[in-house]
Amino acid sequence: MRIVWSLGDPHGIGPEIILKSFLAFEGSSHSFLVAGSYTVLEYYKKVLNLPVKLKLVTSAEEMTPARGGLLPVLSIAEPDDIRPGEISAEAGQLAMKSIAEAARLCLSGVCDGLVTAPIQKEAVALAGYTESGHTGFLGSIVGVPSPTMMFFDPLSELRVALATIHEPIEKVPELIRTMNLDAFLFNLASSLKIDFDLPAPRIAVLGLNPHASDGGVMGSEEQEIIRPCIERLSSHLRVEGPFPADGFFGAGMYRHYDIVVAMYHDQGLLPFKVLAFDTGVNITLGLPIVRTSPDHGTGFNIAGKGKASPRSFREATLLAITIAQNRIKQTEPHL
1 MRIVWSLGDP HGIGPEIILK SFLAFEGSSH SFLVAGSYTV LEYYKKVLNL PVKLKLVTSA
61 EEMTPARGGL LPVLSIAEPD DIRPGEISAE AGQLAMKSIA EAARLCLSGV CDGLVTAPIQ
121 KEAVALAGYT ESGHTGFLGS IVGVPSPTMM FFDPLSELRV ALATIHEPIE KVPELIRTMN
181 LDAFLFNLAS SLKIDFDLPA PRIAVLGLNP HASDGGVMGS EEQEIIRPCI ERLSSHLRVE
241 GPFPADGFFG AGMYRHYDIV VAMYHDQGLL PFKVLAFDTG VNITLGLPIV RTSPDHGTGF
301 NIAGKGKASP RSFREATLLA ITIAQNRIKQ TEPHL
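Using this note's numbering, the letters of the sequence shown correspond one by one to residues 1 to 335.
Calculated directly from the structure, the hints in this document are not laboratory data.
This structure is a prediction, so every number in the text was calculated from the model and none was measured.
All residues carry an ideal CB built from backbone N, CA and C; glycine is no exception.
A hint or two may mislead.
Estimated spans, in silico, between C-beta atoms of each pair [stated by the list, open to error]: (1) R202 x I328: 38 to 46 Å; (2) S190 x H166: 20 to 28 Å; (3) R202 x Q330: 18 to 26 Å; (4) K307 x S108: 34 to 42 Å; (5) A125 x E42: 23 to 31 Å; (6) L175 x K55: 39 to 47 Å; (7) M179 x G297: 23 to 31 Å; (8) R202 x V274: 21 to 29 Å; (9) A251 x D81: 46 to 54 Å; (10) G250 x P51: 39 to 47 Å; (11) I194 x K53: 30 to 38 Å.
Taking lysine-lysine pairs in the DSS-like style, the calculated list, with each CA pair at most 25 Å apart, reads [to be verified]: (12) K329 x K193; (13) K97 x K45; (14) K305 x K121; (15) K305 x K45; (16) K305 x K46; (17) K305 x K55; (18) K53 x K305; (19) K97 x K55; (20) K193 x K171; (21) K53 x K307; (22) K53 x K121; (23) K273 x K121; (24) K55 x K45; (25) K121 x K171; (26) K273 x K305; (27) K307 x K45; (28) K171 x K273; (29) K46 x K307; (30) K307 x K273; (31) K121 x K307.
Construct the entire structure; sequences and hints are all you get.
Right under this line is the structure:
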């Protein structure tokens with residue numbers, strides 16, 4: 001497989017975990033390419049004394065299997081200076097341009113999957129981008145208005161998908177009421193079938209309100225929106241709920257399902273990161289390209305200090321390879 005890594009924020013831990021991950025994959029038959037900045041990677045390579053051999057390339061076609069020991073770098077822009085731990089518009093601009101170029105390489109078929117290093121939302125906003133996160137930005141590039149954000153832990157096989165993504169809590173109830181929850185669950189099941197080779201995934205849906213509203217005592221979304229949706233789909237999908245979020249995770253009920261659908265960001269991500277902080281992977285479902293990322297941020301407090309763990313990034317890369325292979329299998333003719 002041919003995997004492209006986008007640089008992430010050059011002032012964060014992205015360059016470090018890319019370099020460390022390449023050392024782990026060195027000798028692999030898979031090919032890797034960084035879309036970003038040769039200068040940035042060379043800087044962190046020297047500061048952290050990492051034995052990575054970099055090669056500046058002008059085309060992704062120059063990718064070669066990692067067994068050659070060289071990490072190709074496609075230069076998107078070369079910054080004037082590098083300041084680990086600092087927020088800057090220039091850094092945000094480089095991070096987003098790297099993502100855009102990496103996505104283009106996947107859309108054109110030159111690369112089989114994209115793994116994105118972390119970006120800093122404030123830096124991205126300073127650079128003038130209205131989409132501050134990977135999911136929405138990639139959706140706008142490939143023409144998918146509502147991609148799904150999902151998280152996966154390869155050790156426990158816990159999967160969590162978000163019905164709403166980076167939204168203020170006050171907006172969530174109305175978003176749940178106005179979204180097409182039926183289509184969301186159908187599309188989720190379809191993605192799991194293709195990307196994770198799960199022909200009939202078991203889906204658990206969490207309630208929006210505490211205790212899933214206790215029969216309407218603490219809200220009406222469960223009775224009016226979520227439960228009717230589950231009842232409509234139950235003859236087509238293996239879907240159950242709505243479950244109270246606290247008891248669901250506390251009792252370990254997630255182990256009986258292939259995926260858990262949370263109504264909002266922290267409802268799903270808080271338990272997920274408690275259970276799988278070092279190994280969790282973020283996946284964007286519903287795109288024509290494969291995209292994964294580590295389940296952590298830019299780590300500005302440790303940037304340039306050699307303390308960043310590449311484990312989640314490596315897991316994200318392995319998962320991107322698996323998903324790309326699964327998509328190829330889905331398109332192969334069955335004899």
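Right, here's what the structure says about each hint:
1. R202 x I328: 38 to 46 Å: For I328 against R202, whose Cβ atoms are near 25 Å apart, the range 38 to 46 Å is violated.
2. S190 x H166: 20 to 28 Å: holds, 24 Å
3. R202 x Q330: 18 to 26 Å: holds, 20 Å
4. K307 x S108: 34 to 42 Å: The hinted range 34 to 42 Å holds for K307 and S108, with Cβ atoms some 37 Å apart.
5. A125 x E42: 23 to 31 Å: Taking Cβ atoms as reference, A125 and E42 lie about 28 Å apart, which means the hint holds.
6. L175 x K55: 39 to 47 Å: Cβ of L175 to Cβ of K55: about 46 Å, so the range 39 to 47 Å holds.
7. M179 x G297: 23 to 31 Å: holds, 27 Å
8. R202 x V274: 21 to 29 Å: Holds, since R202 and V274 (Cβ atoms, about 22 Å apart) stay within the stated range.
9. A251 x D81: 46 to 54 Å: Distance hint for A251, D81 holds at roughly 52 Å.
10. G250 x P51: 39 to 47 Å: holds, 45 Å
11. I194 x K53: 30 to 38 Å: holds, 36 Å
12. K329 x K193: Holds, at about 12 Å.
13. K97 x K45: Given pair K97, K45 holds - Cα atoms ~22 Å apart, limit 25 Å.
14. K305 x K121: Within the cut-off at roughly 22 Å; holds.
15. K305 x K45: Satisfied, since the Cα-Cα distance of roughly 12 Å is no more than 25 Å.
16. K305 x K46: OK: K305 and K46 at ~12 Å, within 25 Å.
17. K305 x K55: Holds. K305 to K55 sits at ~24 Å (cutoff 25 Å).
18. K53 x K305: With a Cα-Cα distance of about 20 Å, the restraint between K53 and K305 holds, given a limit of 25 Å.
19. K97 x K55: holds, 20 Å
20. K193 x K171: Not OK: K193 and K171 at ~31 Å, beyond 25 Å, violated.
21. K53 x K307: Since the Cα atoms of K53 and K307 sit roughly 21 Å apart, the hinted pair holds (cutoff 25 Å).
22. K53 x K121: Violated, because 30 Å separates the two Cα atoms, which is more than 25 Å.
23. K273 x K121: holds, 20 Å
24. K55 x K45: holds, 13 Å
25. K121 x K171: holds, 20 Å
26. K273 x K305: Cα-Cα ~24 Å, so holds.
27. K307 x K45: Roughly 14 Å separates the two Cα atoms, so the pair holds.
28. K171 x K273: Within the cut-off at roughly 23 Å; holds.
29. K46 x K307: holds, 15 Å
30. K307 x K273: Roughly 19 Å between the alpha carbons, so the hint for K307 and K273 holds.
31. K121 x K307: holds, 22 Å
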